[in-house]
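Listed below are the residues making up each chain.
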Amino acid sequence: MGTSEIRYFQVGSHAVGNRLLDPGQRTVQADPDRANALTCGHRACQGCGEALGARYVVDAALRATAGRLVAVNATGCLEVFSTPYPETSWQLPWLHSLFGNAPAVATGVAAALRATGRDDIRVLAQGGDGGTVDIGFGCLSGMFERDDDVLYVCYDNEGYMNTGVQRSGATPPAARTATTEAVGDAPGNPFGQGKDVPRIALAHGVRYVATATVADLRDLENKVESAMQVRGARYLHVLVPCPLGWGSPAAMTVRIARLATQTGLFPVFEARDGEVTGVTTIRRPAPVEEYLRPQKRFAHLFSHPSGPAALARIQEIADRNIRRYGLLGPEEGD
Amino acid sequence: MRRQIEGARGVAATVAACRPQVVCAYPITPQTHIVEGLGAMVKDGTLAGCEFVNVESEFAAMSVAIGASAAGARAYTATASQGLLFMSEALYNASGLGLPIVMTVANRAIGAPINIWNDHSDSMSQRDSGWIQLYAETNQEAMDLHVQAFRLAEEFSVPVMVCMDGFVLTHAFEPLEVPEQADVDAFLPPFVARQSLDPDHPVSIGAMVGPEAFTEVRYLAFHRQGEALRRIPEIAAEFAAAFGRDSGGLLHSYRCEGARTIVLAMGSVLGTLKDTVDEMRDEGAAIGVVGLTSFRPFPMEAVREALEDAERVIVLERAFSVGVGGIVAANVHMALAGLPQRYHTVIAGLGGRPVTRASLRRMLTDATAGRLEPLTFLDLDHELVERELARVRDRPRSGPAAENILRDVGAIAARRH
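So the sequence lines, in the order shown, correspond to chains R and Z.
My numbering applies: residue 1 is where the first sequence begins, and numbers increase by one.
My numbering applies: residue 1001 is where the second sequence begins, and numbers increase by one.
Any given hint could be a false lead.
[What the hints assert, rightly or not] Reference listing, derived: stretches of chain Z covered by chain R, where coverage requires no fewer than 3 residues with Cβ under 8 Å from a Cβ of chain R:
hint, stretch
1, 1005 to 1018
2, 1042 to 1052
3, 1063 to 1071
4, 1208 to 1214
[Claimed, not checked] FRET-style restraints, in silico, Cβ to Cβ:
hint, chain 1, residue 1, chain 2, residue 2, range
5, Z, ALA1330, R, PRO84, 46 to 52 Å
6, Z, ASP1381, R, PRO84, 56 to 62 Å
7, R, ARG231, Z, THR1215, 42 to 48 Å
8, R, ASP120, Z, SER1321, 47 to 53 Å
9, Z, LEU1220, R, ARG323, 54 to 60 Å
10, R, ARG231, Z, GLN1195, 23 to 29 Å
11, R, PRO84, Z, ARG1395, 45 to 51 Å
12, R, VAL230, Z, ALA1401, 42 to 48 Å
13, R, ARG231, Z, GLU1180, 37 to 43 Å
14, R, ASP33, Z, GLN1181, 18 to 24 Å
15, R, ARG283, Z, ARG1218, 53 to 59 Å
Because the hints were derived from the structure by calculation, they are not lab data.
Note that CB positions come from ideal geometry on N, CA and C, so glycine has one too.
Go ahead and model the full structure; you've got the sequences and the hints to work with.
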């Protein structure tokens, strides 16, 4: 019979305990009366970043709208694990139509609410990176361009995880997936030009664009809250590690998401009307290797002869992000 | 109100009288005048309480309609041809979710080769999508069918496609009775959604369904169309009582008394067919016509009843299934199973080729003389076909077939003059 050691989870982090905060500043999740929109019992994997992100996003959106919210969901992990017949985990009106049309369906819902004089009810659309940056991209761009009153949230786990971890347009270079195997002279995903949808949203002049990760859930809640104060098209891109697809330990989901930000590979920012208005600076800079090494999808970078060159190219990507967004803060460079 | 108006504009005015709440629009010939008309009416306030959404594709158009319908709004869109195919995935989704969307299909051929003119390849390709499909013979019927379509769709929570021949109907100007707003309001009650996204009564719509219930959910779709089949004639009768004209229903028999040969067809070709049959009847030929309005649900019993006394049945259709032949014909054969009729399928009017009285008369004369093949492509230019077949035989790199034939069409035309 062992005794369980008391663990202070927040020791060593920069988080502030809710107990120390004024009730108005406490997280949505700390509220015993929170919506619990995505209830327990869903079938997500252990350590699923998407389930974590979606719970915070939808609960925050429900609080911001006093419960007057409809959700539209693209096909994908989130849809499948939350609604296996005959159960549903959703505690709000929720509609799933197809893989590639969630933004357009959300437009239709918003139009119907306006036409029937119920536009106090707001619309949240959500999908994974496949449903957003690839197959749903045309509909997303149309929704942006028309400035429809929809908050679209992309939970980016950098691949088609629901179908068995295939490459998507959001899969990073060198990552191993089922369709970019770690074999041959250049193992993993080829180095392409990438598809930076938050910046594409900025190019549409979308009223509110933000990125976030499940490493900073208070920031995620804040951004949902800010987004819901705005009418018109809005876009939130949330990095959600996938232990299954990334080959990372389930317990490391939050830490890996944090490393993505601390290396500069995933810049966290906020933008209004096409202009970046705020950046979350890096507190503890880390080389990309620190982020890549715990993930089996990048294991070949540390064993294959092409590894060092690929690592250098990935570091260049991170460094470019750091320069572009000023991720090291204003004092850097003195 | 009687107006000298283009068919497409007549449909737009009728749809507006049905008070849609969300109309999504994407341009595709020959449907475009319909959504243009609706857009103008929303913008100038004639059609109040309606959101007009210009989308970026037909796939988005149907998706917007899905969202709107699921949120409790009466939703409408129109398309044709490639557009209908581009929204195909969403068509199955709309019917699978049981959303009572009404859509006009201005029937047009499908490429390649690209062709903007009329045939029924587009809507026929979606016959299994779970939508009710009604085919209009005239512009007046096309307009009237929309009023009935909203009733039907909303009573059964099933989407309805009103199919009207592109150009032949959509672009024809003629005097048409545009239904009065008060009459439409009396005929079509406000939309009450069977299922709706409402924060006060949250439901999940579109959940994953596995083998344990999928068959039952799909069976119910079949069952609903069966119920709709019984309601279609009733709704047409109610429409006739309210508006004073016959439109819709399952099918219409024309001069079938004592007919030994009956031709079944859908859409605007029925006009030419009836004229031809009138002439031949006067000359003593025992020929009748059946105009089929409801293709989905397919009225097995009504078709059997309408055709069982004929010795010879000809199905004249503006589409076909490559590798088999007739599509409507296959359904008619099912309806006539076990009966001794002789069957003929005549494929006509593909890609806008005119179906003339002269051609129909030749075909019907051949039929009554026992010379008509079981499957005929009306007015097929065998010389053109043979030339291309010879090219393919003789040259390993014979080139693109459509372009070769176009060149031949020019050469043959020059020679004939």
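Structure-based check of all given hints:
Residues of the stretch 1005 to 1018 of chain Z lying with their CB closer than 8 Å to a CB of chain R number 0, which falls below the three-residue condition for coverage. Here's how the stretch 1042 to 1052 of chain Z fares: 3 of its residues keep a CB closer than 8 Å to some CB of chain R, so the rule of at least three is met and the hint holds. Counting residues of the stretch 1063 to 1071 of chain Z whose C-beta sits closer than 8 Å to any C-beta of chain R gives 9, which meets the bar of three, so the coverage hint holds. Counting residues of the stretch 1208 to 1214 of chain Z whose beta carbon lies closer than 8 Å to any beta carbon of chain R gives 5, which reaches the threshold of three, so the coverage claim holds.
Taking 46 to 52 Å as the suggested C-beta distance range, the pair Z/ALA1330 and R/PRO84 does not conform, at roughly 38 Å. Take Z/ASP1381 and R/PRO84: their Cβ atoms lie about 57 Å apart, and the range 56 to 62 Å holds. Judged by the Cβ atoms, the range 42 to 48 Å given for R/ARG231 and Z/THR1215 holds: they are separated by roughly 44 Å. Restraint check, R/ASP120 to Z/SER1321: a C-beta distance of roughly 50 Å satisfies the suggested window 47 to 53 Å.
Range check, Z/LEU1220 to R/ARG323: Cβ separation about 59 Å, and the 54 to 60 Å hint holds. Between R/ARG231 and Z/GLN1195 the beta carbon distance is about 27 Å. The supplied range of 23 to 29 Å therefore holds. Range check, R/PRO84 to Z/ARG1395: about 58 Å between beta-carbon atoms, so the 45 to 51 Å window is missed. R/VAL230 and Z/ALA1401 have their C-beta atoms about 55 Å apart, which leaves the hinted 42 to 48 Å range violated.
Distance hint check: the CB atoms of R/ARG231 and Z/GLU1180 are about 38 Å apart, consistent with the given range 37 to 43 Å. The hinted window of 18 to 24 Å between R/ASP33 and Z/GLN1181 is violated, with their beta carbons roughly 48 Å apart. For the pair R/ARG283 and Z/ARG1218, the supplied restraint of 53 to 59 Å holds, since their beta-carbon distance comes to about 55 Å.
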